[in-house]
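The hints should help you fit chain A onto chain F, whose structure is shown.
Protein chains in written order, with UniProt numbering: chain F, 1 to 327; chain A, 1 to 327.
No lab work stands behind these hints: they were computed from the structure. Only a predicted model underlies this, so the values are computations on that prediction, with no experimental measurement involved. Please note: incorrect hints may appear among the correct ones.
To be verified - With a Cα cut of at most 30 Å, we get these calculated DSSO-like pairs of lysine-lysine:
1) K170/F / K170/A
2) K170/F / K90/F
3) K107/F / K94/F
4) K90/A / K149/A
5) K309/F / K94/F
6) K170/A / K2/F
There are 2 protein chains.
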Amino acid sequence: MKSPVRVTITGAAGHIGYALAFRVASGEMFGPDQPVILRLLEIPQALSSLNGVGMELEDCALPLLHDIVLTDDPAIGFREADYAILIGAKPRAKGMERSDLITENAKIFAAQGRAINDHASPDVRVLVVGNPANTNALIAAANAPDLDKRQFTAMTRLDHNRALGQLANKTNRLVADITRMTIWGNHSMTQYPDLGNCLVEGVPALELVTRDWAIDHFIPRIQRRGAEIIEARGLSSAASAADAVVDHVRDWALGTPEGDWVSMSVISDGSYGVAEGIVFSFPVTCAGGEYRIVQGLELDALSHSRLKKSEQELLGERAVVEDLLGR
Amino acid sequence: MKSPVRVTITGAAGHIGYALAFRVASGEMFGPDQPVILRLLEIPQALSSLNGVGMELEDCALPLLHDIVLTDDPAIGFREADYAILIGAKPRAKGMERSDLITENAKIFAAQGRAINDHASPDVRVLVVGNPANTNALIAAANAPDLDKRQFTAMTRLDHNRALGQLANKTNRLVADITRMTIWGNHSMTQYPDLGNCLVEGVPALELVTRDWAIDHFIPRIQRRGAEIIEARGLSSAASAADAVVDHVRDWALGTPEGDWVSMSVISDGSYGVAEGIVFSFPVTCAGGEYRIVQGLELDALSHSRLKKSEQELLGERAVVEDLLGR
Chain F
1 MKSPVRVTIT GAAGHIGYAL AFRVASGEMF GPDQPVILRL LEIPQALSSL
51 NGVGMELEDC ALPLLHDIVL TDDPAIGFRE ADYAILIGAK PRAKGMERSD
101 LITENAKIFA AQGRAINDHA SPDVRVLVVG NPANTNALIA AANAPDLDKR
151 QFTAMTRLDH NRALGQLANK TNRLVADITR MTIWGNHSMT QYPDLGNCLV
201 EGVPALELVT RDWAIDHFIP RIQRRGAEII EARGLSSAAS AADAVVDHVR
251 DWALGTPEGD WVSMSVISDG SYGVAEGIVF SFPVTCAGGE YRIVQGLELD
301 ALSHSRLKKS EQELLGERAV VEDLLGR
Chain A
1 MKSPVRVTIT GAAGHIGYAL AFRVASGEMF GPDQPVILRL LEIPQALSSL
51 NGVGMELEDC ALPLLHDIVL TDDPAIGFRE ADYAILIGAK PRAKGMERSD
101 LITENAKIFA AQGRAINDHA SPDVRVLVVG NPANTNALIA AANAPDLDKR
151 QFTAMTRLDH NRALGQLANK TNRLVADITR MTIWGNHSMT QYPDLGNCLV
201 EGVPALELVT RDWAIDHFIP RIQRRGAEII EARGLSSAAS AADAVVDHVR
251 DWALGTPEGD WVSMSVISDG SYGVAEGIVF SFPVTCAGGE YRIVQGLELD
301 ALSHSRLKKS EQELLGERAV VEDLLGR
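Okay, chain F solo, but in the shape it has when bound (with noise of 0.2 Å):
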């Protein structure tokens, strides 16, 4: 049998962590004869819930699930852990400004990054949940400075995962029959759903739909989509999201099929004039534990635009939280 992968999980009595942490037991990321060994950390007000969390696992009697960590000491939480999935994060109270929110979570992502450096695998990935996420990944990036920034990535899957979603409905097509579907820059308002290289059963789905549906329904409802499903369910995404997450490391880990890319928000190497080092949302293909950029890409003079606003607010987050860019 393999040995089992370590993977730790923050914010794991949360809404997201406690969709998420059952699908990972039950195999659903590694595949059904990879063991895995849960490593769940919280903050100390959430152990006792965290504690029915790990009841529960236990109560499911997994066979994969061969070890369950849960903690509130990060050393102990990231210990050897081969993925870090940072999911908890400080919710923006009222009346808090978005740069206070940018600080409040700078301050916790820096520390997390540290913690990862010093005790997790030195060949950890890093997949940040938590918002702002791209603004998160970039800091507990900075925050490793033994690690490789490759390693750390933030989630633009479940917008991507939205998108094939909406474009399957419109169509009237599987989201199985939708390949190269694009999410661009940040995970936020000003992110760009992009179907200008999309096929649906190998056609454009420009030939589809029209230009005008795409831009003025299809692209503010993938942005807005976050909101819409507040006001339905009263609370925010939760089992969509961990459905994302574990797409989003299944994929990095397993590899994208043939023929077909995802959208990862990665270290920018400066692939299609982004500029360097903010994390950014690309299609990417992975293979052998691997992500790489896809490029060539014809981008017409609208999604440029688009690219560059979102390429402007992640450099005002960054320029927000600048003096935890350092270790």
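Showing chain A alone in chain F's frame:
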């Protein structure tokens, strides 16, 4: 590609339904090559929340999920259902007697039995999760005269899995090393988690743990585990209950492993002297979509008295709802 399986889930916007729907849709119940159609049923007050669940399912872009139907009309919800998972039930309100709880739910499950009879596939398989689950299953079956009572079951798989987890902990083994666990009786405090036939790596469990541990710690802990979870989480078991639903239905549909069995509450045929016609948890094997009660197990005097106690409770519950047992 296989034609989709239709799965109806009632109470789909509740905690267990929310934890379950995404796992069914991702292929965990019927395997990675079996498309599914989800038919999600809720009470009118929960339709907005259910709509949110539907949007989140769409947002997962799950390739196996071919359609989603959201409704508060049982005639639509159960239409052509191959599997009906009845989770929604009236919870016990403050000051409510247990007999009131039974009666209130009896009305709900009588109506659902009729709707299943009239609208579901003639081969539908029903799992009742909403409490009192065993008697609710009995009532649903009694109100579906065109169907075989063997098509109706209630869930004791969560108790079964909890028992596996506790024994694995105690013996310091993996749950995969344990076979032939049994839960007998009612899904209630009178249930009897029985180690008498259980094996750990092929060794009788009762050679590895003391009889005192089994009687004083193991049995009461399984019986009271639900309360223990509520105390820790502040919420009742949801993800672990959903996991048990996946296990129950998957094993019923796809079969139990050679040399092992699972616990399912099914219509008693008089096996082990249990009164015929009540829904009672037995050890069962499954093959070809049918279950078979394991025969010929040795039960000592203590076990017989425990079975009798749970049987008496179920006969008492049946007496309370006598007038709802005919169509």
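We went through each hint and held it up to the structure:
{"no.": "1", "hint": "K170/F / K170/A", "verdict": "violated (54 Å)"}
{"no.": "2", "hint": "K170/F / K90/F", "verdict": "violated (36 Å)"}
{"no.": "3", "hint": "K107/F / K94/F", "verdict": "holds (20 Å)"}
{"no.": "4", "hint": "K90/A / K149/A", "verdict": "holds (23 Å)"}
{"no.": "5", "hint": "K309/F / K94/F", "verdict": "holds (27 Å)"}
{"no.": "6", "hint": "K170/A / K2/F", "verdict": "holds (24 Å)"}
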